Structure formats: C-alpha cells, structure tokens
Amino acid sequence: GQQLNQSPQSMFIQEGEDVSMNCTSSSIFNTWLWYKQDPGEGPVLLIALYKAGELTSNGRLTAQFGITRKDSFLNISASIPSDVGIYFCAGQLEGGGSNYKLTFGKGTLLTVNP
Amino acid sequence: GAGVSQSPSNKVTEKGKDVELRCDPISGHTALYWYRQRLGQGLEFLIYFQGNSAPDKSGLPSDRFSAERTGESVSTLTIQRTQQEDSAVYLCASGRGPEETQYFGPGTRLLVL
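Line order of the protein sequences matches chains B and C. When we follow our numbering, the leftmost residue of the first sequence carries the number 1, and every step to the right adds one. When we follow our numbering, the leftmost residue of the second sequence carries the number 1, and every step to the right adds one.
Just to be clear, a hint being listed does not mean it is correct.
As the list claims (entries may be wrong) - Cross-link-like lysine to aspartate or glutamate pairs, in silico, EDC-like; alpha carbons within 16 Å at most:
#1 B:K101 to C:D56
#2 B:K101 to C:E99
#3 C:K11 to C:E68
#4 B:K70 to B:E41
#5 C:K57 to C:E44
#6 C:K15 to C:E85
#7 B:K106 to B:E54
#8 C:K17 to C:D56
#9 C:K57 to C:E68
#10 B:K70 to B:E54
#11 B:K51 to C:E99
#12 B:K106 to C:E44
#13 B:K101 to C:D63
#14 B:K51 to B:D38
#15 C:K17 to C:E85
#16 B:K101 to C:E44
Think of the hints as simulated: they come from the structure by calculation, not from any bench. Values in this document were obtained by computation on a predicted structure and should not be read as measured data.
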C-alpha cells in the first residue's frame, strides 16, 4: 500500500526559531494536505496544496507541493508556544475512484521552549 | 456546536466485550469517514460513507469491525469481541463531498484491558 515518510519524528526548538518538516511518498499524489493535532483533539487542516510546484502560505506557515508530486514540506517561521502539537502530512491519490481516501504520515511532534 | 462531535470521549473496556462509538457529523455533510490512530502513528482509514451509496469498507481491519450510518446523519462504529490491539483513538470526519475538506471530531480514546 501507499506509504508516506514524514520527518523528523520530533523536534524541540526555542521560541522564535523557524521549523521545517517534510513528507515523501513512493506514489504520486494529486493533493497534499498538512494538519495539526493538539492533545485530545482531532486534526485541523492548516494548508491544502493542489498543483505540483504550488507554494502556499497561511500566516507564519508555508507549504509546497513538490514538482515530482511525491513530496511536500511545511515551514513554520518565528515559532511561538502555541505551535506545539503534532503535525501530519496527508496525501490524496490521483484518480482511481478512491481519491477521497487520505494517506497520512506518522506525524512530527513539535515542542517549543518559551 | 457546528463541529463534528463524537461520543464517548473515552472508553475503557475488557477484552472480549463489544463497544459502540458514535459520530455526529456537521449538518449537511454527505461524506463521513472513520479513522484509527494508534499511539505514535498516523491515521489509518477504516470506512467511508457518501450519501446513500454503498460504503467503502476496505479499511476495516477485521470482521469484528462494522459501521452504519443513518441517511446523512449519525454514524456508529461497532467493535465486537474487542482485543487489546484495538486500543487506539478512533476519529470521525465529515465533508461536503468526497474530495472536499475533511473536518475531524475530537475522537474516542478506546482502551481495551
């Protein structure tokens, strides 16, 4: 089955630092999504990417859809304590009639030290 | 509230017992999904409902797992004869359609002793 490799698994940074995480896949995706999950909550969509090469920002967050359609990265600039949580990438496969299915990475646990 | 709600929020059960988990999607959302999240892992797709179409059950891990949905409203996920490896967070999500943004509920944390 499809697999998403997400790295790093965890990060411990100082407030104000920039953060970068990425996902790679063995399959081509037509959509890349980045979610954040706070403790005890469900994932919340941060950014959605629909075109190869697309670069999209949402406040301090920036994400890109790789040219090969097999990878994506998420950057967080000037981190703040409320950025703490688990960040997941997710991909939707191209065509096949099952493009509602999301394949998730294992997540990146971000800890921000004030 | 306007979001996806799930109940119970936590469930502790003994091995071999049956459990039923409930999801109330956002009103008007035709698509509904169930996912399983094991500790330290990403989300695994379990089942998908879209309107009155036959559900996609391809992600259900065994025949002990089943789910129903009443029209375009409430869904229940049932796990029969629970096993310790069933311990996980079970997340429900709903969307306006099959390729639309999925909005997640807070999940049900299941612990099988």
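Query - Distance restraint between B:K106 and B:E54, which requires alpha-carbon spacing of 16 Å or less - result: 23 Å, violated
Query raised in the report: Within a Cα-Cα threshold of 16 Å, do B:K70 and B:E54 meet the stated pairing?
Result: Holds, at roughly 13 Å.
Requested in this report: For the pair supplied as a hint, B:K70 and B:E41, confirm whether the alpha-carbon distance does not exceed 16 Å.
Outcome: Answer violated: B:K70 to B:E41 is near 28 Å, above 16 Å.
Report task. Given the hint that C:K11 pairs with C:E68, test it: the Cα-Cα distance must not exceed 16 Å. Result -> Outside the cut-off at roughly 19 Å; violated.
Query raised in the report: Is C:K17 close enough to C:D56, meaning Cα to Cα at most 16 Å?
Result: The given pair, whose Cα atoms are some 26 Å apart, is violated under the 16 Å limit.
Query raised in the report: Holds or violated: are the alpha carbons of B:K51 and B:D38 at most 16 Å from each other?
Result: 28 Å, violated
Query raised in the report: When you check the alpha-carbon spacing of C:K57 and C:E68, does it fall within 16 Å?
Result: 11 Å, holds
Requested in this report: Would you mind confirming whether the straight-line C-alpha gap from C:K15 to C:E85 stays at or under 16 Å?
Outcome: At roughly 10 Å apart (the allowed maximum being 16 Å), C:E85 and C:K15 satisfy the hint.
Query raised in the report: Does the alpha-carbon distance linking C:K57 and C:E44 stay inside the 16 Å limit?
Result: 12 Å, holds
Query raised in the report: Is the hinted pair B:K106 and C:E44 satisfied, with a Cα-Cα distance of at most 16 Å?
Result: 10 Å, holds
**Report entry** Given pair status - C:D56, B:K101, alpha carbons within 16 Å
**Finding:** The given pair, whose Cα atoms are some 10 Å apart, holds under the 16 Å limit.
Query - Pairwise hint evaluation, C:D63 against B:K101, where the allowed Cα distance is 16 Å at most - result: 21 Å, violated
Figure legend: structure checked against the earlier numbered hints; hints not met, in rising order: 3, 4, 7, 8, 13 and 14.
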